[in-house]
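Asks: Sequence lines, in order, name chains A and B.
According to UniProt numbering, the residues represented by the first sequence are 1 to 271, in order.
According to UniProt numbering, the residues represented by the second sequence are 1 to 464, in order.
Derived from the structure by calculation, the hints contain no laboratory data.
Every value quoted in this text rests on a predicted model; they were computed, and no experiment measured them.
Be a bit skeptical, because a hint or two may be false.
[Unchecked claim] Which chain A residues stay away from chain B? Per the calculated CB distances, all over 12 Å, these: (1) Ala135; (2) Glu142; (3) Glu155; (4) Asn224.
[Unchecked claim] Label pairs and their in silico Cβ distance ranges: (5) B:Leu307 / A:Asp239: 51 to 61 Å; (6) A:Glu36 / B:Glu186: 46 to 56 Å; (7) B:Arg187 / A:Gly151: 19 to 29 Å; (8) A:Gly59 / B:Asp417: 38 to 48 Å; (9) A:Ala159 / B:Thr224: 46 to 56 Å; (10) B:His353 / A:Ala159: 39 to 49 Å; (11) A:Ala159 / B:Thr190: 48 to 58 Å; (12) B:Thr190 / A:Glu43: 23 to 33 Å; (13) B:Leu307 / A:Gly151: 43 to 53 Å; (14) B:Thr190 / A:Gly163: 32 to 42 Å; (15) A:Asp239 / B:Ala346: 47 to 57 Å; (16) A:His171 / B:Gly204: 44 to 54 Å.
Glycine included, C-beta positions come from ideal geometry on N, C-alpha and C.
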Amino acid sequence: MSTPTTPQPPHRPRLGVFKFASCDGCQLTLLNCEDELIGIAGELEIAHFLEASSDIAPGPYDLALVEGSVSTPEHLERVRRIRADSRHLVTIGACATAGGVQALRNYADVEEYLATVYARPDYIETLATSTPISAHVPVDFELRGCPIDRGQLIEVITAFLAGRKPGIPNHAVCFACKRRGNVCVTVAHGTPCLGPVTHAGCGALCPTYGRGCYGCFGPAGTTNLPALLPILRRDGMGDDDIGRFLHTFNVTAFTAVAGQEPGTTEGEDPV
Amino acid sequence: MSEPVTGSRVLRVPALTRVEGEAALHLRIHDGTVTEARLDIYEPPRFFEAFLRGRAHTEPPDLTSRICGICPVAYQLSACRAVENACGAVVDGQLAALRRLLYCGEWIESQTLHIHLLHAPDFLGHDDMISMSRSHLAHVERGLRLKQSGNAIVELLGGRAIHPVNVRLGGFHRTPTRAELRPLAERLRTALDDAWDTVRWVAGFDFPDAECTADLLALAETGTYAIESGVPTVLPYGDEPPRSFPLRDFRDHVTEEQVPHSTALHSRLDGRRHLTGSLARYAVNGHLLSPLALAAAREAGLGDPPLRSAAPGAGRGEVCRNPYRSILVRAVEVLYAVEEALRIIAEYERPAHPHVEVPARAGAGHGATEAPRGLLYHHYALDGQGRITDACIVPPTAQNQGAIEEDLRRLVQGGLDRGEDSEAELTRLCERAVRNHDPCISCSAHFLDLKIERPFRQPWRVRC
Ligand code: SF4
Ligand code: SF4
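Kindly produce the complete structure, drawing on both the sequences and the hints.
Replies: Right under this line is the structure:
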């Protein structure tokens, strides 16, 4: 019996994949790289990836991919430990990069949230906020999206292996729409779309399917949000609708760009 | 030989992470008897039900999909059904067929992931798919190919495999043309062979004896194996006949209670433990599978499923209650989903409109579908402008938790009775007991060091 033996370099870089508060979708993106998975496993030693393997090795890790936001007291400590154990730390997805959808709690009364969901809120340990990894430790690169894009993830891993910066453009979804030859949904159909202010990465998926972008990649590098607001109003959105539109999957990031809080909880201190 | 089993001790597996999130195991053993088995779910609360309040009725599909990246389609479609129910909208014909096609994609992708990446390594003594691929490369490659064909369906219909963007209330933003579906059909024909081979492969595994004594709960639909719709139907353990109840009464039957050790709420069905998912679906609906899938089920040793109207034990059909064999049912369901996808594509005519209108109105609605891991229920109450005033989501994992704990208790007890007393042996048993139920991919995948404390010194609540 012969087992296929690919000669492996003596020191393959060690990969760790870690999860905080999240839906697991971003790490699943790695498992969805079916064509590349076995290749990646040959280039990197998968030292810690709970979703995929029972074989867990301690740090240090050369590359840590971190999914999810910091939302419990235990997370605060764990995120520091992972940082200390990792040479390169890359956040994957809106949760890790901007606090995720669960950061809606930052603008609400968490005690009340707990009481809505749990009969005995005192059993639950949680922080009043859901924060990005970068609020706690230095981060080497942030990959956006809810979920992240498979092609961009492979680019990040390839760049890491080659020792160069990931080539992830910072422009808006509109660019991808033009490149794809889409008819603009706002110009042609008056559909409200956040494409002009949203970070590229998805290949302009929503407009390709005839809907407006809802901002799941968060704000683009340079955005002119105030210029978009009158267009959204023209297309039938009230201020409340605009507030919810911007404040969903990347609530903290769009809030930072807009310099305002979600309309529904005016006056609340975001902590 | 391990030391004699006397006194109390506690077994802990500190990080199973995730059951719809993160989990750990906690077993208490007293004089060789398991006195307590807990699946501790400590996934941080994310408050979806709370922040859905005040949102527009169009938002639940995109929002709730972020509860689980492993089965986003299940969340999107349960949400759509509940809101459409509240607003009095009906989605049928080709739009309903497209939804079923999308769901078939998720079934193929998600069940195949569980079979190949998570569950099979248990039977073959591996830590993961990567190490398994060294000795079983062809099987792993076939699994990845099959998974990819499921993803291809979701990507084509939904735009992307995780959190698809094309689903909306009333149907889709854009429907595909027949021509766009054609390449998918070619790929699915290969997938049909792969799915058959998968059934044969897993049928050759070694299955320990075990029996799950929980009541089985699945949706039932007239004339077809229920996926994206149906009426909750219970096949009780023992001699009671099957029973159904209207979906609007779901919360009168499936009640949730909070337990101190878990952030997931615990559910009970009419006061008893129950199980949803593949075993339940096959027991309730197996006779409605296609002839091909039924032939595969027979070949895999699952026997003839009972007719729903026949009382169990009446000599008509078998109910598979062995949780280890759930991998067989999953493999059969993948085969069925591939075949069903091919059928829907063959009969597809592009509908005149990509969606029906779902005008907002005050009301309450219920929606349930069969997520790969089991029945997923959503409820929303809306005000006159369609703002959500109340939301309730009951995921399969919360429902299955009681049955999983009972399984853990029984399997570890069996191990102890056979003299399997070492930490390694008991840990392995626990891991397998949990993975059998696929409570959520990451939960079933990894186990850190299990600790046995002898003698028992810790307070009842041990934080990991
Ligand atoms: S960013 Fe989105 S897809 Fe990624 S883990 Fe968070 S909720 Fe899931
Ligand atoms: S178009 Fe916008 S909302 Fe749609 S996938 Fe891309 S970034 Fe996300």
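Asks: Each hint: holds or not?
Replies: Tested hints:
1. Ala135: holds (16 Å)
2. Glu142: holds (18 Å)
3. Glu155: holds (17 Å)
4. Asn224: holds (24 Å)
5. B:Leu307 / A:Asp239: 51 to 61 Å: holds (58 Å)
6. A:Glu36 / B:Glu186: 46 to 56 Å: Because 23 Å falls outside the window, the suggested range is violated.
7. B:Arg187 / A:Gly151: 19 to 29 Å: The hint (19 to 29 Å, Cβ to Cβ) holds, given that arginine 187 of chain B and glycine 151 of chain A are roughly 20 Å apart.
8. A:Gly59 / B:Asp417: 38 to 48 Å: Holds, since glycine 59 of chain A and aspartate 417 of chain B (Cβ atoms, about 40 Å apart) stay within the stated range.
9. A:Ala159 / B:Thr224: 46 to 56 Å: holds (48 Å)
10. B:His353 / A:Ala159: 39 to 49 Å: holds (44 Å)
11. A:Ala159 / B:Thr190: 48 to 58 Å: Violated - the Cβ-Cβ distance for alanine 159 of chain A and threonine 190 of chain B, about 34 Å, lies outside 48 to 58 Å.
12. B:Thr190 / A:Glu43: 23 to 33 Å: holds (28 Å)
13. B:Leu307 / A:Gly151: 43 to 53 Å: holds (49 Å)
14. B:Thr190 / A:Gly163: 32 to 42 Å: Holds, at about 39 Å.
15. A:Asp239 / B:Ala346: 47 to 57 Å: holds (48 Å)
16. A:His171 / B:Gly204: 44 to 54 Å: holds (53 Å)
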